[in-house]
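Undergrad: Can you make the complete structure from the sequences, with help from the hints?
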Amino acid sequence: MKMLLACAVLLAANTAHAQAYLDCHFVPGYEQSGPKRQYTPDNLFDYRDGAAEGYLIYSFTLLQGIDCKSGSTILSIDISDMSDADSAYGMFSANRDPRQPIARIGMGAQLMPQSLLFAKGRYFVEIVETDGSTDSNQTAALQAFAAKIEPLLEGRSTPPEELAWFPPANQESVKLVPESVLGLKILKRGYVARYATGQAFIVIEQSPISAAEVMNKLRARFEDSTPVKLADEAFELKAPYLDGLCIFRKGRTIAGFTNLADPQSATGQAAKLLERIP
Amino acid sequence: MSINSSRREFLSAGLMLPVAGAASKFDFLNPDKPVAKSAKTPKLEYRTLGKTGLKVTALGFGCMITSDPSVITRAADLGINYFDTARGYQNGNNERMVAAALGAKRKDLILSTKSIANNKEGLLKHLDTSLSELKTDYVDIWYLHAKDIPSAIHEDMIEAQQIAKQQGKIRFAGMSTHALAKMAEWTVDKKAFDVVLTVYNFTMDAKTEESIAAVAKTGTGVVAMKIMAGGSRARRPGEQVDPRMQREGAMLSALKWVLNKPHIGTTIPSMTDMDQLDENLLAMAEKFSPNDEKALAAHLDQIAPYYCRFCGECDGACQKGLQVADTLRILTYADGYGQFALARERFNELPGHHATARCGDCTECTVKCPHGVRVAERISRAQELFA
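Chains H and R, in that order, give the protein sequences.
Numbering follows my numbering, in which position 82 of the first sequence is assigned residue number 82; successive positions increment by one, without gaps.
Numbering follows my numbering, in which position 320 of the second sequence is assigned residue number 320; successive positions increment by one, without gaps.
No lab work stands behind these hints: they were computed from the structure.
Treat the numbers as computed from the prediction; the structure is a model and nothing was measured.
A few of these clues could be false.
To be verified - Derived DSS-like pairs (lysine-lysine); straight-line CA-CA distance at most 30 Å:
1) R:K105 - H:K185
2) H:K185 - R:K43
3) H:K185 - R:K287
4) H:K188 - R:K294
5) H:K238 - R:K105
6) R:K107 - H:K238
7) H:K238 - R:K43
8) R:K125 - H:K69
9) R:K43 - H:K217
10) H:K69 - R:K120
11) R:K135 - H:K238
TA: Dropping the structure here:
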């Protein structure tokens, strides 16, 4: 009973803490418009419609939001708890425009004239001007709100370390794929970096043994593959939709390059990726 | 009629019915490369989407959560011809990915997108952005996104769809909804939409089926979404997906159930990998079978005591005046998602008698959930936790 009470107090404290970062008075001239909102996985569809599924696959647990009004401008602030920092960054990476630069707020941010997205710790934050039909520029207000909210959110301010393993040259985008990396169910969850030519991926399994089992399944799927000498084990081939590819295992990490002109090119790029994996 | 027999008849209804008849950004995808269809390519079933006359494959593709464009490219290569996205999915990244995946094949395909904007200017601005991102001059179907009550649709929004039609930017006007039962009568009277996109799956009641029939009778094409009832993946961290639904073929049963219903023009299940695509393709070649019925009934059995479908049948039914559906939803916050504080906060916002009324005081519960939720048991648990 004492344990239950302690848990209830802790959870109540978390919710109270969460409410603290929803305050329109953070920025002078803004007042709250309408009640605060909260959504769980059960009813997020009521708020985000079909896009809710895009949250659920990134381990969404709770959205808390508020609308702040100044004159005719309404900024909608939504803070989603994504369970952990990797998922929060994953959500950010899926929603940012890869053609635009990443700003330095939390683990990463994207500032546009009418919207600001950022991830910090396990939280994914969206501040958006609700009337998308105008061509207004709200960057000052968006940044002002973010400057107040970001320090209140606990957790990591650095992106997942695996992202630094991808070679940076010619990299166009990088994101967390929450299921079926490369469109393959065998590769459950991992990071994918797209390049001007080809793409690289990193999947981390529970253990070297489970990673070796995944490699066996991959070899069974790609039965025409040829072994190559790279890391603990590796193979290359040319496959439909993935073109020239090379996949290797280093300990519990499975990684590789795909969609290059030929398997040899993929193996060459995979070797460069391998050099960066600790 | 018992709950079990009702459900069985509901599931069996499907058995009784005849089977109805821009250049890629990512060069590596090479989506324009022709792919020979292998001998294993399943039979494709085409249907006419209401009065639009569009010939769509019974299996379409909901692109929203697909991460790898190759899955979409392969679906198009295999003959699936209807692909659905929305302006709001991943802040527009989804439309860009769909464009990259389909490439020059787009001209031979039926493509739909949606806008959540709530006025003419916003809608038309979204449409222009969608066309630019999708690298196309037009979309075949353009939906007003997520309209669950008639008052959410204003005249100028319908005007925006008409303007877009006149400009050749869209071929057909659509509306997507999660609450067709509330929207059907208005939709039929309004005659504004060529296509309706609605949630439809094996957990839903006959009211939804009647609404679909009413809309379809006017010649409006019906597209089904959420056809897997959320059963294919965990909805929260750590949740165990029902193993019976993970079993090979179980999700196929859910898809076949929808396809065997009348009035459904096409379906748009989400697919994230090649295996899901291969499995779902089978739905066009296989009939809904007794084994499918068993798989779905087993899933319903498991979720029935807990799963409130918010059908509204219990509204006003409690003799003590308890708001049953609201209480069940609040309980789910705590039991389902570990949000105890949120649940207690919401429970305390209910009228005071929700904390004091005792189900045990009633000799018989007057709330008879048509879906088998054990209402008195769940209400009592909510009171234990929050009152």
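Undergrad: With reference to the structure, classify each hint as holding or not holding.
TA: The hints, checked one at a time:
1. A C-alpha spacing of about 26 Å is found between R:K105 and H:K185, which places the hinted pair at or below 30 Å, so the restraint holds.
2. Distance hint between H:K185 and R:K43 is fulfilled; the C-alpha atoms sit about 24 Å from each other, no more than 30 Å.
3. Of the pairs offered as hints, the one joining H:K185 and R:K287 holds, with about 26 Å between alpha carbons and a cut-off of 30 Å not exceeded.
4. Proximity of H:K188 to R:K294 is assessed by CA-CA distance (about 29 Å); at most 30 Å being required, the pair is judged to hold.
5. For the suggested pair H:K238 and R:K105, the alpha carbons sit about 23 Å apart, so the restraint of at most 30 Å is met.
6. The suggested pairing of R:K107 with H:K238 holds, with an alpha-carbon distance near 28 Å, which does not exceed 30 Å.
7. Restraint check for H:K238 and R:K43: the C-alpha separation of about 28 Å stays at or below 30 Å, so the hint holds.
8. Distance restraint check for R:K125 and H:K69: the Cα-Cα separation of roughly 23 Å lies within the 30 Å cut-off, and the hinted pair is therefore satisfied.
9. Among the hinted pairs, R:K43 with H:K217 is consistent with the structure: their alpha-carbon atoms are about 28 Å apart, no more than 30 Å.
10. Straight-line distance between C-alpha atoms of H:K69 and R:K120 comes to about 22 Å, which keeps the hinted pair within the 30 Å bound.
11. Note on R:K135 and H:K238: the hinted pairing holds, with a Cα-Cα distance of about 29 Å set against a maximum of 30 Å.
When each numbered hint is compared with the structure, no violation occurs for any of them.
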